[in-house]
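Asker: The residues making up each chain are set out below.
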Amino acid sequence: MQDTLLSSPELLLVRYGELALKGGNRKFFERTLARNIRSATKAVSPIDLELHQGRIHVIPERRPLEVARKLRDVFGIKTISPAWGTDNDPEAIVGMAGNLLGQILPANPEQPVTFRVRSRRANKRFPLDSGELDRYVAEKILPGPERVRVQLVDPELELGIEVREQRTWLFHERLRGPGGLPVGTLGRALCLISGGIDSPVAAWMAMKRGCSVGFITFHSYPFIGESAKKKVIDLVRVLGRYQAQSRILIAPFTEVQTAIRDAAPEAYRTVLYRRMMQRIASTLALKYHYQVLVTGDSMGQVASQTLENMTCVAAANSLPMLQPLIGFDKEEIIERAQHIGTFETSIKPEPDCCTVFQPRKPVIRGRLDECLKAEQDLDVEGLVQRATEAAESLTLDPEG
Amino acid sequence: MRIIYLDNAATTPIDPAVREAMTPWLNEAFFNPSSRYPQGVNASEAIDRARAKVARALGARPENVTFTAGGTEANNMAVFGLARARQAAGEQSGRIVIGPTEHPSVEESARALVREGFEVVQTPLDSHGRLDLEALDQALTPETVLVCQMYVNNEFGSVYPIQEVARRVRARAPRAALHVDAVQALGKLELSIEELGVDSMSVSAHKVHAPKGSGSLVTRADLAMQPLLFGGGQEQGRRSGTENVAGIVAWGEAARLADQHQSASSKHYEAIRRAFADCLERLDGVRLIETGAEHDSRSAAICSVFFPGPPGEVWQHHLEAKGVLVSIGSACQAKRKGVSPALLALGLRADEARQVVRFSFARTTTVEEIQAAGEVLATVSNELGAIGR
Chain G
1 MQDTLLSSPE
11 LLLVRYGELA
21 LKGGNRKFFE
31 RTLARNIRSA
41 TKAVSPIDLE
51 LHQGRIHVIP
61 ERRPLEVARK
71 LRDVFGIKTI
81 SPAWGTDNDP
91 EAIVGMAGNL
101 LGQILPANPE
111 QPVTFRVRSR
121 RANKRFPLDS
131 GELDRYVAEK
141 ILPGPERVRV
151 QLVDPELELG
161 IEVREQRTWL
171 FHERLRGPGG
181 LPVGTLGRAL
191 CLISGGIDSP
201 VAAWMAMKRG
211 CSVGFITFHS
221 YPFIGESAKK
231 KVIDLVRVLG
241 RYQAQSRILI
251 APFTEVQTAI
261 RDAAPEAYRT
271 VLYRRMMQRI
281 ASTLALKYHY
291 QVLVTGDSMG
301 QVASQTLENM
311 TCVAAANSLP
321 MLQPLIGFDK
331 EEIIERAQHI
341 GTFETSIKPE
351 PDCCTVFQPR
361 KPVIRGRLDE
371 CLKAEQDLDV
381 EGLVQRATEA
391 AESLTLDPEG
Chain C
1 MRIIYLDNAA
11 TTPIDPAVRE
21 AMTPWLNEAF
31 FNPSSRYPQG
41 VNASEAIDRA
51 RAKVARALGA
61 RPENVTFTAG
71 GTEANNMAVF
81 GLARARQAAG
91 EQSGRIVIGP
101 TEHPSVEESA
111 RALVREGFEV
121 VQTPLDSHGR
131 LDLEALDQAL
141 TPETVLVCQM
151 YVNNEFGSVY
161 PIQEVARRVR
171 ARAPRAALHV
181 DAVQALGKLE
191 LSIEELGVDS
201 MSVSAHKVHA
211 PKGSGSLVTR
221 ADLAMQPLLF
231 GGGQEQGRRS
241 GTENVAGIVA
251 WGEAARLADQ
261 HQSASSKHYE
271 AIRRAFADCL
281 ERLDGVRLIE
291 TGAEHDSRSA
301 AICSVFFPGP
311 PGEVWQHHLE
321 AKGVLVSIGS
331 ACQAKRKGVS
341 PALLALGLRA
351 DEARQVVRFS
361 FARTTTVEEI
371 QAAGEVLATV
381 SNELGAIGR
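From first to last, the protein sequence lines stand for chains G and C.
Its first residue numbered 1, the first sequence is counted upward by one per residue in my numbering.
Its first residue numbered 1, the second sequence is counted upward by one per residue in my numbering.
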């Protein structure tokens with residue numbers, strides 16, 4: 001009964017998670033998710049998109065498996081099932097089911113396999129209810145391969161059947177999406193990004209919870225070369241897999257660092273750099289309509305991340321600040337970075353601006369009054385203004 | 001801003017004559033050189049003419065010139081091809097001896113052969129940055145099957161005494177093949193495989209004003225070598241794959257020009273280096289790193305300079321911001337971020353070795369450019385001189 005080689009799947013059944021729970025906002029969430037799906041797949045294939053109850057049907061014109069792979073990075077999506085269609089007719093369904101089972105059985109004919117059929121009937125005019133259809137299909141296809149045994153709980157293979165108005169869809173796998181909320185449903189955040197491991201992970205976590213994330217980085221040319229800037233852009237490009245378009249602001253930082261070097265106590269340089277970064281980022285956030293800042297801080301990881309120093313830094317900031325990695329260990333952050341795909345880029349050896357005039361012994365328990373005192377000799381306002389005015393803004397498409 | 005390009009050991013600008021020679025092969029003459037119609041035969045003849053030019057420039061016979069995708073492929077082909085040919089001939093895997101400052105395409109290839117049963121021994125530099133010939137003697141054993149020694153060092157232009165190395169290899173390791181990476185020598189030194197008395201030599205087109213993507217391995221006649229690439233049997237079976245006709249034509253012309261300009265070039269490079277050394281003398285704490293003496297000489301086309309204060313990288317970016325393009329270490333090392341073993345051998349500490357910047361010249365470099373670069377150096381030196389670290 002098998003042996004017609006299956007063609008590519010016709011559509012992708014996309015299931016989304018918690019956004020269905022969000023009551024009145026639901027339409028907005030669904031539309032945002034649909035838009036994100038379109039932009040994530042547009043370079044691969046034109047798609048048709050149908051919104052059904054709790055499901056999105058994505059119908060790619062070509063390369064369906066590649067489209068499915070793209071969808072695995074779209075926040076808000078829980079699972080994706082490539083599906084094959086047939087007529088709303090029990091015999092046709094049985095034919096397709098047998099075919100599908102034949103394709104997915106493990107190659108080793110000795111190996112026994114547990115299996116179940118699970119149907120959903122959205123079309124109530126279909127003659128069998130879902131339990132009847134399960135049994136009907138299972139009974140018809142099972143006499144074939146003898147090694148297949150029905151097991152209703154936790155089987156190795158599951159054949160899914162969805163009976164819809166026009167057609168019935170069959171599938172055998174559920175690819176995991178990233179979960180979370182569709183990017184753009186929560187608001188806009190500006191992430192301070194360096195070439196390191198942490199900040200790209202922090203940006204990803206903000207995206208996962210529905211933020212549309214912009215980026216700001218600081219560049220101390222010519223103490224730091226163009227390739228350090230390119231590294232940050234490369235990281236943003238990797239993160240572009242998870243949101244449609246990314247803006248990156250590149251603020252010149254040489255003047256700030258030189259001024260701090262000349263005016264402030266050496267031990268306070270790093271803390272003061274970071275206070276200036278907060279000010280510049282806050283100013284640019286307002287200009288570009290970001291509501292919050294995001295940083296990759298994790299408590300106690302480096303000298304500038306003691307509670308005292310983080311307090312000194314946060315005090316310079318006029319916007320709320322999200323620190324999604326605050327309680328993570330380095331190993332946990334690295335694991336995420338590997339999963340996200342930024343790790344390989346992050347570990348390329350490039351200096352970043354924090355290494356410029358790096359203090360030999362940075363202060364561990366910085367004091368805010370010392371920061372304020374040191375800043376009395378700095379033209380804080382002028383430095384912030386010049387850096388924000390000279391900041392360069394790039395928009396990166398996932399493909400470019 | 002005026003750009004002064006002083007990183008010619010990384011790559012060189014394309015000579016207009018070279019560009020012109022290759023153009024027809026990118027346009028109407030696009031045919032496959034293996035095709036039997038006249039257009040294909042015509043392409044195949046163009047490759048033969050290029051082969052003759054490269055052969056003449058390198059003192060080899062045309063049939064012993066194999067076109068590759070560049071120096072890295074030529075080095076891989078030599079190391080794997082020569083070592084595996086010895087193995088295929090039923091000999092013991094044996095020893096591979098590599099020089100102290102080999103390009104990664106030689107060193108990493110040799111190290112990869114450890115998995116195939118070969119033993120790899122690297123010879124040291126002495127404290128003057130010269131080849132340690134006594135250590136070489138000791139490394140050479142009758143079991144040695146391959147010796148690799150570069151000709152011109154890509155960091156300070158030291159010229160290693162290849163003829164002397166060849167003499168010792170023949171005496172102590174008579175079964176060994178001697179491969180020479182001559183990538184930085186072409187156009188700078190008289191270069192002849194016969195005169196040097198070596199078995200194979202690799203060269204790269206883009207170091208002599210041709211586009212990237214071409215190069216050659218030249219060999220002495222009857223040298224047994226296993227191919228790296230199998231397929232349609234092009235290049236007499238030594239390197240399968242449809243030939244890069246336009247690139248090969250360009251490379252042939254570039255090799256011819258490099259050879260033609262060679263004797264004039266030596267004087268030119270000496271004049272450039274003298275002008276450059278004059279500029280450096282006026283700067284505080286800046287010094288040209290000199291290597292070699294006695295049996296070594298140097299190519300004036302490559303200089304390494306020690307700068308005080310911040311790391312070489314900071315100097316490099318300050319110079320580039322004013323239009324002077326240079327590099328820290330070789331381009332290959334710049335990607336790998338290692339500290340140059342050659343600089344350590346010269347007695348520099350690791351942090352000092354990071355304060356070294358490489359300047360390299362081409363036949364297109366002018367004394368006037370060097371003087372203009374000298375002005376920039378003086379300005380940057382003032383800016384950076386004040387910074388402790």
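Hints should not be assumed to be uniformly reliable.
Chain G side only, calculated, beta carbon under 7 Å to chain C, not exhaustive [stated by the list, open to error]:
hint : residue
1    : Phe126
2    : Pro127
3    : Ala314
No farther apart than 30 Å at their CA atoms in a straight line, the calculated lysine-lysine pairs in the DSBU-like style are these [stated by the list, open to error]:
hint : chain 1 : residue 1 : chain 2 : residue 2
4    : G       : Lys231    : C       : Lys267
5    : G       : Lys140    : G       : Lys124
6    : C       : Lys212    : C       : Lys267
7    : G       : Lys140    : G       : Lys27
8    : C       : Lys212    : G       : Lys348
9    : G       : Lys373    : G       : Lys348
10   : C       : Lys267    : G       : Lys230
11   : G       : Lys27     : G       : Lys78
12   : G       : Lys78     : G       : Lys208
13   : G       : Lys230    : G       : Lys330
14   : G       : Lys361    : G       : Lys348
15   : G       : Lys373    : G       : Lys361
16   : G       : Lys231    : C       : Lys322
17   : G       : Lys348    : G       : Lys208
18   : G       : Lys208    : G       : Lys124
19   : G       : Lys348    : C       : Lys322
20   : G       : Lys230    : C       : Lys322
21   : G       : Lys231    : G       : Lys348
Some chain G residues flagged as far from chain C (calculated, every beta-carbon gap over 10 Å) [stated by the list, open to error]:
hint : residue
22   : Leu65
23   : Ala303
24   : Arg365
25   : Leu378
If you're looking for bench data, these hints aren't it; they were derived computationally from the structure.
Even glycine gets a Cβ: it sits at the ideal position worked out from N, Cα and C.
Asker: Just pull the numbers of the violated hints for me, sorted ascending.
Answerer: Going through the list in order, the structure violates hints 1, 2, 3, 4, 7, 9, 10, 18 and respects the others.
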